[in-house]
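Construct all of the structure, not just a fragment, from the sequences and the given hints.
These are the residues of each chain, in order.
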Amino acid sequence: MCASAEAQTIYGYVSGADNGENIPNAVVASGNKYEMTNAYGYYSIEAKGDSISFSAHGYETFKRHAREANEGRLDISLKPLHTDIEEVTVSAKSMYRTEVTMARMSRHNVSAKDIKNNITIFGEADAIKTLQNLPGVTSAADGSVNLSVRGSSHDQNMILLDEATVYNPSHAMGLFTAFNPDAIANVEFYKSGYSPKYGGKLSAVVDMRMKEGNNQNFEMNGSIGNMVSRLSVETPIVKETGSMMIAGRYGDSYLINEIAKNVDYKTLRDSDIVKFYDFCVKTNWRLSEKDRLFASAYNSYDRFKCSILSQDNNQEWGNKTATLRWNHIYTESLFVNYTATASKYEYMQQQEMDVRDFEWKAGLSEITVKADADNYVGNSRLFYGLHVEGHRYNPGQIDPLNDKSVMEPHHLKKKSMVTGAVYMNDEFRIGERVNASAGFRMSMAKNGSTYYQFEPRLSVSYKLLSDAALKASYARTVQYDHMLTNSAVGMPTDIWMPISGLVKPQTSDAVSLGYHGALRKINMEIYGEVYYKAMHHTVDYRDNADLNMNEDVDLEVKEGKGRACGLETMIKYENRFMNVQASYTLSMSERQSDEINKGNWYYAAYDQRHNLSVNGTLKYKQDEFSLGFKYHTGGRATLPYTTFNYDGVCLAIYTERNGYIMPDFHRLDASVCHHFKSSEKKRWRSSLTFSVYNCYGRKNAFSVFVKGYSYDMSDVRGYMMYMYRWVPSLTYTFRFR
Amino acid sequence: MKITSIVGIILFTILSMSSCVEEIDIEYGNAGDYIVIDAVVTDNRDVQTVFVRRGRDMDIDVYHAENWDAIGNVTVKIEDDLGWCGEFHEVDDALIRVGMGREFELEGHQFEPGRTYTLTVTVNDRIFVSTETMPQPPIIDHIEFYPHQAKEAEVWSPILYFRDSQPEVDNYYLFTNGLYWIRRSNVNRFLYVNALTDEGLLGDMDGVKISLGIGADYLVYSGTWFGEDYYYELYTVNKCVYDYFKVIKDQMTSDGGVYKPAPTTPVTNISGEYVQGLFIVASLNVFHGTVPF
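Keeping their order, the protein sequence lines are chains A and B. Using our numbering, the letters of the first sequence correspond one by one to residues 1 to 737. Using our numbering, the letters of the second sequence correspond one by one to residues 1001 to 1293.
Since the hints were made in silico from the structure, they are not lab data.
Keeping only pairs whose Cα atoms sit at most 27 Å apart, straight-line, the calculated DSSO-like set for lysine-lysine is:
no., chain 1, residue 1, chain 2, residue 2
1, B, Lys1246, A, Lys707
2, B, Lys1246, A, Lys305
3, A, Lys521, A, Lys463
4, A, Lys415, A, Lys446
5, A, Lys413, A, Lys504
6, B, Lys1246, A, Lys598
7, A, Lys305, A, Lys344
8, A, Lys413, B, Lys1246
9, A, Lys558, B, Lys1239
10, B, Lys1239, A, Lys598
11, A, Lys361, A, Lys558
12, A, Lys275, A, Lys116
13, A, Lys320, A, Lys113
14, A, Lys521, A, Lys572
15, A, Lys558, B, Lys1246
16, B, Lys1239, A, Lys413
17, A, Lys361, B, Lys1246
Encoded structure:
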């Protein structure tokens, strides 16, 4: 279609030539104009010049002439740049230019390769833990997958898998992420200032997309490790029309238990159980030139019994999600995606206590229907949509575990909430130097009481040089459900509750100012941001709260407020033989509530003043050597100030909440990966990775506490629990296609 | 064989070089001027007791009295809502009996459920006051013993059948148990206690509803055997007392595990600055006898 005599609207999909999967965030440039493909690889651009270039990370830049388009439609397949061990260099200069100067800020894109390069415990690649190397992101405890982003707690993050919410993204109490790395195609991570398309959580968004499935060839990936093994299969169903992907993973501590029988191993005993699996399946169909259908499902399950962490109680939890999406191209400039998702998270604990054996269950579920439109209008790109969600909460139910139990079934009243939102956002340019993104989200929630919230979002980029820009953003976000927990680690027993007449929605106002620059000649990227976030109506349980099986848990919750600020910096360098990423964050996070800590401000449990992360990979022939170092100021805990004797027992008087700073955290990880020789023609390719987590055996605090002599609590002393020292692992990874 | 060896070495390295809990140095504050009052009055005892002592620094040897600061002039008085007033007298060997404080007793007065009592403790110029109402006791049906396995031996735990006498009021219960010969009432009381509410008769986990009665917590007490004497006490208390004991239990079971709530300071029902402890006004049911064959 011709928009004018000079400009022609070209549209279509960008996909990979090797697997046929759509490529999100690919840059399509024509003259001085450029657009990025959306999450489904769709683009639409007014081509003013003859030539259109297509670039994406890890792919060769490809140029086509506008007149090659068939009535404006131009679908492109990009050839992968890499071979087995060849570095994926960013050859596409326009990638830098686009990333750096686009209005969106506080955003990071993590590819499947980034995930697999990160060194993690037991050698298992981990999508969420990779994010912990980014500035402004910390973890709750050593080895935990829970993220604290810019001073927020982990329940304030939205974790999406194919647009369905995953409430507990962990296996084995946080040791592993609940997602198979072979099944993840791409992770978009927003720390703040994100599009109004996202809403419902106060802090960050982790938007993960599963692979669509190779529609060109059969492909199998897998690995065998000393605790976790995984396998994924991708295959075309009808070549270039339909494909599917099936992936599964299984983890079992059986081997460790066997050894534990013979050695004095205190972290895991032979009677302990750590078992989990996850399974996902996805299929996609090109129904016509204008219609595509995606269906995916995910299931994860955990069984956990650990004498130290969970007092020998048997615990089980699992997530289930299902997503159905239909893409339709109405016109060359209007792309609409319709989505229906269902998500369920259930958790259970069994406790055996003489005649009181019982089983406790809780959970939550949600159903979402939404329509999201991308509308390319002249110089601007308009996003708008409608979301409707239904939530159902089971705050807890207790049933006798067996016939001998004297327990009586007791089920708390289930709660439900309906939320809805409309949003609109426009990305546009003002002159040659300014890119802007402005929009709003109007949301509502109904659960007895009805709340309406207006959420404006604005971000602006001012181009200093061709590859450097100053950026600023403001975002208001709202969260309609809350998690109550006694732990910073993220436990299956955490209680989720919706807003009510007593508990208002949490809101946050966040501003950021940053610099994003690229030194193209040396492939270096520089990033720096300062931020300030004010949180309102945050919730915390009051001192001595009764959280479990409490019908009126609203009364145990106290509203408060929070504030967080920080400075984030990051440098990335990449060439054919090596890549290095270093980040440093200086931050502060505080909370205040009238009935907690005598009404005084107190530091959040996640408050970690300094945070440094350095990661690098060096490639030599068929080997890759990786090092990762992480340091942060210790987290915070509440410890006693002094003690007193009461009725023969020594009891503690605690000072302010989170007033104690734990010992500093630091850790060095290393890995060596050897790729076995194979030619391009060989279908079987494999590698062996040996990695060591925590090379110098630092005892990093998982928690600190005081304890007295058991009989009367006399002789009170401080203790630190730590989890992992020198964890070596050996993983054999293979690929067959 | 080679692969097996490699895996074996790796696992052994993980296991042998990992540990879990280690002692660390923590800087504590000074116990300062904290006064701790431990007062119990019930409707089922001839003697009511009040202990008054100071807070203690965390690192002192508690078994040597010289390590404790003495407490000066102390007076303990109690009055009820009908105008009756009584004064506690000091027990001579208090220092020996409780180690580190002063003990006061009151004899010859019958305390009654439904009455409101005000305790006033004066330490030098400092005055501490607490007012509480004694709840009604439950209706007791009977007690029986239930067999269960505890550490490979079969033991018998008590199950108490009782009904709430005040359905319109939230009452709370402290159930103590102990062998007859260590039945010293106050000291160690909560080492053998289950804190309960009539909302669900809470055991170790809050909110657990039990229809038939309650069992002793065999984690701290392993039960009784045939022919043994038993002695149990059921205190009916108010929510403040229940919360206090719950915090005590949280503190005592705190081990840094992720399921344990962060312990907090117990909230006293005694007014005044730098004061801790509790004024328990409880109706009391006592059960004693021999575990039947």
